[in-house]
Amino acid sequence: MNRDKIQDSDEIYEDAKIFVNIGPSHPATHGTLRMMCRLNGETIEKSVSEMGYLHRAMEKIGENKTYHQFIPYTDRLNYCSALNNNVTYTMAIENLMGIEVPERTKYIRTICCEIARIIDHLVCIGINAVDLGAFTFFLYGFHQREEAYTLIEMLCGSRLTTTYTRIGGLGWEPPTEFLPALRKWLDGFETAFDEMDRLLTNNQIWIDRTKGVAVFTKEQAMAYSFTGPCARASNINIDLRRDQPNPGLKYDVVDFDIPIGTNGDVYDRYLIRVAEIKESVKILRQLADRCPTSGPVWVEDKRVKIPSKERVHHSMEALIHHFKFFMEGFDVPAGEAYTATEGPNGEVGFYVISRGGPKAARMRIRSPSFYMFQSLDEMVEGEMIGDLVAAMGSVNIIAGELDR
Amino acid sequence: MDREKRLEKIKNKFSSAVSALEYDKVGCPILFCSKEKIIELLTFLKTDEALKFEFLADLTAYDDMGQPEESQGRFVVVYNLYSPHSHDRLRIKVRANDGEAVATATVLWKAANWAEREVWDMYGIPFEGHPDLRRIMMDQRFEGHPQRKDYYWRKYQLFLDAEPMPEELLKG
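Chains D and F, in that order, give the protein sequences.
The numbering used here applies: residue 2 is where the first sequence begins, and numbers increase by one.
The numbering used here applies: residue 3 is where the second sequence begins, and numbers increase by one.
The hints are simulated quantities; they were obtained by calculation from the structure and are not laboratory data.
Don't take every hint at face value.
What the hints assert, rightly or not - Using 25 Å as the maximum straight-line C-alpha spacing, the simulated DSS-like pairs for lysine-lysine come out as follows:
#: 1; chain 1: D; residue 1: Lys66; chain 2: D; residue 2: Lys310
#: 2; chain 1: F; residue 1: Lys157; chain 2: D; residue 2: Lys360
#: 3; chain 1: F; residue 1: Lys54; chain 2: D; residue 2: Lys219
#: 4; chain 1: F; residue 1: Lys11; chain 2: F; residue 2: Lys39
#: 5; chain 1: D; residue 1: Lys360; chain 2: F; residue 2: Lys95
So that you can see chain F by itself, here it is in the shape it has in the complex (with noise of 0.2 Å):
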């Protein structure tokens, strides 16, 4: 199965989530999804026997602060699937404007998990029904998302002590 095939396929069968397929500067197809069915499309397109996107290659989001798509949603979360069945790959892209929570790819993917972290440490997209949304790199004390386009990037915050230790190590 060819990849024009595959391509129309998802098509077919997400009609009405799916819009817009474009093409990237190498060729690699790019999709925008509603933010209401992108686990559904994420899991077809894991499982389906003739597609198997099984492979997360990346998960991160991006910000379209002052573009003209920034009234669609100001944030895109993308999603970077590789297959490697077919060696294809596949960019899937969800809108979410500030504040919108996307839902988690971790029930799909386990790395999904610190790369959904990072994400909203990142740009402060929460993730619904994520298990562990704490902030991955910055300190937890943290105000302020660092990557959106509105922070400036020479601004810091100085923390003197220490975090203080996981709960989630003395549980159980």
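The shape of chain D in the complex, shown without the other chains (with noise of 0.2 Å):
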């Protein structure tokens, strides 16, 4: 359709339509993402999301990289917790071999998701509020977010995009004042986000922006294949630490409970979300002081463990070994499996093929957000396009998992 046509019509004036384009770099898209809407005066009348802006074709990356290979990108899908992403992605190739990892690398991968889960939603929320004109909760939480980085930096040396699991282990062992200064930050935490709770729950002004706006049903959000929080908030009873626990992660020995929300609004989404920090905030207390302080983070199987760097010094074949490992990659038997964990945006999954060798067959990522985004139209259709901000914002879409 080209533009001259809509100028000139006065149909198209008498009925106050207007054609407003937002994204694919909007400040409220938060990645690259388009929604093109056509307005009856300020109300929503229809509405086209367009995806692909991101796209780097992870999936045939996934294809042509060695196993090992492929640990970097998981970080660069959803990389407000690449956490969570590294550890499915590492479980998945381990169900396909059949290795169990040791206990003490379940409870420190554990950690590490629930980890990356605050962070996830202080960011969602956060930049939630900024759109809507709630500045001050953004920075409160992104000091948070800055202090919880710095953990994850005792872990792997990185902050944003942080590659710690390997196939059949960890990338490095936790320094001993891991345990400590997480729970040490988890009492900070605490008490800081109370104050941040405060600021929003009960604040007039946010209640009126978000109650009642873009609402889901269940029904709905069922069609869509919502999953994690936006689920719960349209009140599906669903989260796969309860119902799947996977073997690899210790969800098993903690108690917690998940919050389920009944009208499936924004301000629903957003009140999961507090929710969830603070069973997480519960999790990680529980996790922190079950969590073996010594022992080995590496399965004993010479197909996967990377040799140490002692051995590679002073060994010929240990040398040959390593070089051996990192360039060629190992063998995975042929076959398939679909490991999913639930991530801070909802189910991510690792569906992967294998035929023998060192490359995956089939690398499928399913995640979150590209089953959410296509909802975002029926969403915000006869809305206003001011609550389109509100609706983008609390489903979290993140284009590093939608595009993929």
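Reconstruct the complex from the two isolated chains, following the hints.
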């Protein structure tokens, strides 16, 4: 459709219809996605969303890189919670190979997942609030997030793109001061989060902007395969941490509640995220108490264990092993497996098919954002244009995992 | 009702359409279904009181080019179902040759809309009855289907100007 035609036609002016294009680079989209809306006055009559601006052919890359080489790519899926993607991906390959990692690794991975959940929710709520004009929560949230990144930095040396897990183990053993630092952070965070909670939860302006906005019923959410906090806000009682406890993670030993919402509006999604952060703090405390402070983090499996640096530097055989391991990769027996965890946004799954050899035949990444973004059109039609930003923020679309 | 009984029930009802039951590495059952019966099977799985696989966790496909199974159909469309009631997973697979259409699952799940568009975009498997089968990741002018095994992974196509506006927005 050419724009001259729209501008020249008097009919369109009579109905006061305006086309508004939001994205791909708009401050409220937080990533490269695009929504085109036809407005009647301020009401959205029709909306068409488009994606693909951040498509990096992750799945194709996954078929052309060795299993280890793909770990850094998983950071770039949901970059707000890179640790969770690392853990899910390595578990998917371990499931294919039938490897069971040591107990200590399971605990540390579960801790990683929960830290990732907290920071992802902080970003989501903070940015949703910024878009609606509440700047304070964002600043407090990002302060806490930076502290959490310092914890992650203790584990793997990097803050955002972690690449922490390895198939059969962890990149580095956590330092002895990690667990005390985690407890200390949790204490500070809990107090700070109580204050942050009070900034928004009973704030009349926030309630007016979010309550009853972008309502999605249980049936709608089910039809669109909602998972994670958005599904639970729409009164769907699913959580993979409880429903399908993965043997590679330690959710079966901790005690936690799963908050369920009723209305499925932006306010409920906010409340669910707040409640989940509090639950995650509870989980982290229990895990920090139970996590073994010593013991192996690597599985004793010659196929996947990276030879130690001391041996590589002092023995020819270990050097050759190291070289072949990283240049050629390792064989994964033929077969397929779908491994999913409850990520901060919903079900993050890796469907990997191997035909033997060091590269996957199919590397499907099931991302929650992909399934939730397509519902946004239905969610915002009939709403005000100003509420679109609220809806978009509450669903927490991360372009990295949306386009892959 | 446990998993064995559920699978038995499916196999009894669709004895002609469903072949070979397999298990994947984590013990998730996989059923191959004939192309003609797929929607009937999915409807049964979704609506049956005892099964209730109400949740389409994922819809994807893969390319079997160069594999011994290629003769039965080069592409495999995968429906990854999840039941929020029994917390069980089930994977349904359908084989299709190059150019053969598979019936759309959008009649059952709206979520299948974009997932099928992605499969069409990446593998070139058309979905019969799909309301809006356009490319989703790639530009509309893109040639070929990039996830196919015969598409070289470093090949790229460059488009310097923007895509035209979708007609859908201007209608109705």
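Against which earlier hints does the structure fall short, listed by number upward?
none
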